[in-house]
Amino acid sequence: MGHRRPLPVVLASLLAGLAFPALADYQLNFPPPKTGLAQQIYDMNVWVMWICVGIFVVVFGAMFYAIWKHRKSVGHKAEQFHESTTVEIIWTTIPFLILVAMAWPATKLIIEQKDTSNPDVTVKVVGYQWKWEYDYLQDGVKFMSVLSTPREQIENKAEKGANYLLEVDEPMVVPVGKKVRLLLTANDVIHAWWVPAFGIKQDAIPGFVRDAWFTANEVGTYRGQCAELCGKDHGFMPIVVEVKSEADYKAWLEAKKAKAAAAAGDAGKVFTQAELMERGAKVYNANCASCHLPDGKGIPGAFPAITGSKIATGAKEGHIGMALIGKPGTAMPGFGPQLNDADIAAVVTYQRNGLGNSTGDLVQPADVKALRK
Amino acid sequence: MEAHATEHGHGAPKGITRWLTTTNHKDIGTMYLWFAAAMFLFAGLMAMAIRAELFEPGMQIMSPDYFNQLTTLHGLIMVFGAIMPAMAGFANWQIPMMIGAPDMAFPRMNNWSFWILPAAAILLVLSMVLPGGAVATGWTLYPPLYMQGGISYDLTIFAVHILGASSIMASLNIITTILNMRAPGMTLMKMPLFVWTWLITAFLLIAVMPVLAGAVTMLLTDRNFGTHFFDAAGGGDPVLFQHVFWFFGHPEVYILILPAFGIVSQIIPTFSRKPLFGYASMVYATASIAILSFFVWAHHMFTVGMPAVGQLYFMYATMLIAVPTGVKVFNWVATMWKGSLTFETPMLFAVGFVSMFTIGGFTGLVLAMAPIDIQMQDTYYVVAHFHYVLVSGALFAIFAGVYYWLPKWTGHMYNETLGKWHFWLSMISFNVLFFPQHFLGMAGMPRRIPDYALQFAEFNQISSIGGFVFGASQILMLIVIVQCIRGGKKAEAVVWEDAKGLEWTVPSPPPYHTFETAPEVK
Ligand code: HEM
Ligand SMILES: [Cu+2]
Chain C
1 MGHRRPLPVV LASLLAGLAF PALADYQLNF PPPKTGLAQQ IYDMNVWVMW
51 ICVGIFVVVF GAMFYAIWKH RKSVGHKAEQ FHESTTVEII WTTIPFLILV
101 AMAWPATKLI IEQKDTSNPD VTVKVVGYQW KWEYDYLQDG VKFMSVLSTP
151 REQIENKAEK GANYLLEVDE PMVVPVGKKV RLLLTANDVI HAWWVPAFGI
201 KQDAIPGFVR DAWFTANEVG TYRGQCAELC GKDHGFMPIV VEVKSEADYK
251 AWLEAKKAKA AAAAGDAGKV FTQAELMERG AKVYNANCAS CHLPDGKGIP
301 GAFPAITGSK IATGAKEGHI GMALIGKPGT AMPGFGPQLN DADIAAVVTY
351 QRNGLGNSTG DLVQPADVKA LRK
Chain W
374 MEAHATEHGH GAPKGITRWL TTTNHKDIGT MYLWFAAAMF LFAGLMAMAI
424 RAELFEPGMQ IMSPDYFNQL TTLHGLIMVF GAIMPAMAGF ANWQIPMMIG
474 APDMAFPRMN NWSFWILPAA AILLVLSMVL PGGAVATGWT LYPPLYMQGG
524 ISYDLTIFAV HILGASSIMA SLNIITTILN MRAPGMTLMK MPLFVWTWLI
574 TAFLLIAVMP VLAGAVTMLL TDRNFGTHFF DAAGGGDPVL FQHVFWFFGH
624 PEVYILILPA FGIVSQIIPT FSRKPLFGYA SMVYATASIA ILSFFVWAHH
674 MFTVGMPAVG QLYFMYATML IAVPTGVKVF NWVATMWKGS LTFETPMLFA
724 VGFVSMFTIG GFTGLVLAMA PIDIQMQDTY YVVAHFHYVL VSGALFAIFA
774 GVYYWLPKWT GHMYNETLGK WHFWLSMISF NVLFFPQHFL GMAGMPRRIP
824 DYALQFAEFN QISSIGGFVF GASQILMLIV IVQCIRGGKK AEAVVWEDAK
874 GLEWTVPSPP PYHTFETAPE VK
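Same order as they appear, the protein sequences are chains C and W.
Using the working numbering, you'd call the opening residue of the first sequence number 1 and step up by one each time.
Using the working numbering, you'd call the opening residue of the second sequence number 374 and step up by one each time.
Do not take every clue at face value.
Partial list, derived from the structure: chain C residues whose beta carbon lies under 10 Å from chain W [said to hold, decoys possible]:
hint, residue
1, ILE110
2, GLY199
3, GLY231
4, GLU278
These are calculated hints, taken from the structure and not from any lab test.
Ideal Cβ positions, reconstructed from N, Cα and C, are used throughout, including at glycine.
With the hints as constraints, model all of the structure from the sequences given.
Okay, structure coming up:
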């Protein structure tokens, strides 16, 4: 494994790392800021840290001096002074003034952070267990963004890639230099959308819409993670944002729209079993496998198996209904809002004819459409 | 009355019933402390497993869900099972001896407040083996995630209720004892600081434990009886839970630390051979911290999307707490200044406390700055912050207190060399364990994740190594304590050269009943 190092090397490189903060793997501060907000946060943190270091040196300088000089073992006799109102007033007032000096710039920054007015682009971001959905409201483009790190890497059966756990199948894309306003909400539990380089973190709360904004000032790919414990795969729902030039962004939007139009054509289509099974396997692995496991065996006591399940081997309608609506009060979400008819048809077919089941029947998009309310 | 005194005057009854039925404050104090030690080791083992999983990237020894169960139970048990009972143990042993009272005000209730604790612990531990496993939401129990769990989620709610009831009973007892049973001449402003800090803590507990009980009861009815307090689909609001939880939660962190302040304020003057620099200002600072702690809760919620005025108010209020906290630190340093210092193990831990707790205070200040907290919230930086205030804060103070009063309690001196080893190993490994976590948080590592990106590998590995050493070092303390109970050099009544206070006027170990006639305090 590329990343394993013997202990002495680790300790030696710790010292080296302190001396060379630029070394990526021993990063001692925030990642390089790529928005005005992140830059201000970065600077303010450095400034506050220095104030703290200063106070620490003064106060603990005094303490260590006392430890050194005022020891009984060096013959120091205790002086019995105590209680001094003057001293108490001084060491109450000075910290207070320092705090006021710190609060002032922080106040300005908070007001700036909260100003989501006049955005150029608005994207609705929805947190799901355990993926993100991006909905470009002005352009009608909407897609899911799921972790793309292969399972084998997580289970240590394959060499881990450079962006291990910080890579997705479809990143969010935004134009450079434009104010992007996010409208955040969630489908199931609370998640939090966080990209450190942008200096933005906002909880996504089911049933409520919150907003936040950023203006990325450099083209590139930036990575973050969900920052609110949201269940077992909380550590496996990264955020990847590609910042593109205006022209590239437009081209990306057009390509996305074309793809969406093609997908819409699927709705009335009748698929073959092979087509449904192939598509269904993909949908299953992206949406269902994290709980029901890739082989459909589930986790006893927590997540039921698909293999041999009463629902997955019973009537089609019940099975489609479970996929569409989920089971309220459990971790099983309804996929109706996230997946189109063809995807649901495919995944239901896959569950009925794969993973050790063999009902032999096919589900077509039209069957799903009929059951949607 | 006469007959009673002769009947019980000689010592403790024998056997297991002594411990089940005891109403003696010293016995109950001992049981609290052993219970806390057991829970500390148990939750510590969980931490070892957590650090082992995080030793390198990839999932090695457990499932993500089990990882979340461990972090949750680790937090809940350390807070409610280890730190709080340990502080209650000190209160039981010390408060009557420090104020010259024969026992606690309500001895039978005292027995109850202890004996319901194991029931709560059993519920929590049992939940690990029930279908679906233990609670995996983090110790903060946020819904809607909390709605998704199985039977153990309901058991955990009951456990929290029991723990709360225990704390409330203990607090009523402590307040009554302190207000009514002080020896003649001991005015409030003559009380040892440890007694003061516990008096204030007890009021905090009575104020906020019912709030927590209310919050988890709402979870219970949401889960089982169709209410929608925290469910937007039914007109509720998940964020409401966070407000209620942190209205309890922030005072709770001061419940954990104020008695620690008290312990350290006893120890530093003793080993400086000098009175505390500003007794009155320490009392006022403690009271201001306690009062302010009710008005800052939403600094744990800077990323929920409060309006700007909300962010501003909670930022200002939180920053204000740094002022009385600073006053405390300045006072401890001024007490040491021009003293005649010696560094026995209690003093080492006390000095370790002052310096490390202050680092936690500084990071607290950084986190109080709402714009910066937006980056730090729910990262390892927060994990580092609260371990600096809770481990090198509350826990180090507990260690200091144990070494300080152990000779009084047992009548034997502990092994000073081993004690010093315990301190230095703990101090160094603690920093190896938690200091790098500041960097991890800033670099972008969220908390509560079982696996992480490669860029975080080195610091995690260092942190884990520190963790294993820290864990192993605690075995040393166990050895010291057991040795000290079994025997050792005989301890004098005044164990430490310059120790002041009523507890040092009774022999070591103290008789089963002390101060049956109240001493006179001048
Ligand atoms: C100067 C004093 C302090 C200040 C200004 C302060 C500030 C803060 C802030 C703003 C947070 C929220 C961070 C976040 O979640 O983003 C926090 C978290 C925390 N603090 Fe402090 N703090 C102080 C002292 C303490 C003390 C004395 C304790 C306990 C003994 C403590 C225990 C905690 C804990 C346990 C958390 C994390 C809770 C959780 O999310 O699980 N803090 N502190
Ligand atoms: Cu707090």
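Comparing the hints with the structure gives:
Given hint, C:ILE110 at the interface with chain W, holds; its Cβ is 5 Å from that chain's nearest Cβ, closer than 10 Å. Taken as an interface hint, C:GLY199 checks out: its beta carbon lies about 6 Å from the nearest beta carbon of chain W, inside 10 Å. A distance limit of 10 Å between C-beta atoms decides the matter here; for C:GLY231 the minimum to chain W is near 6 Å, and the interface restraint holds. A least Cβ separation of about 28 Å between C:GLU278 and chain W goes past the 10 Å threshold, and the interface hint is therefore violated.
Checked against the numbered hints listed earlier, the structure breaks hint 4 alone; every other hint is satisfied.
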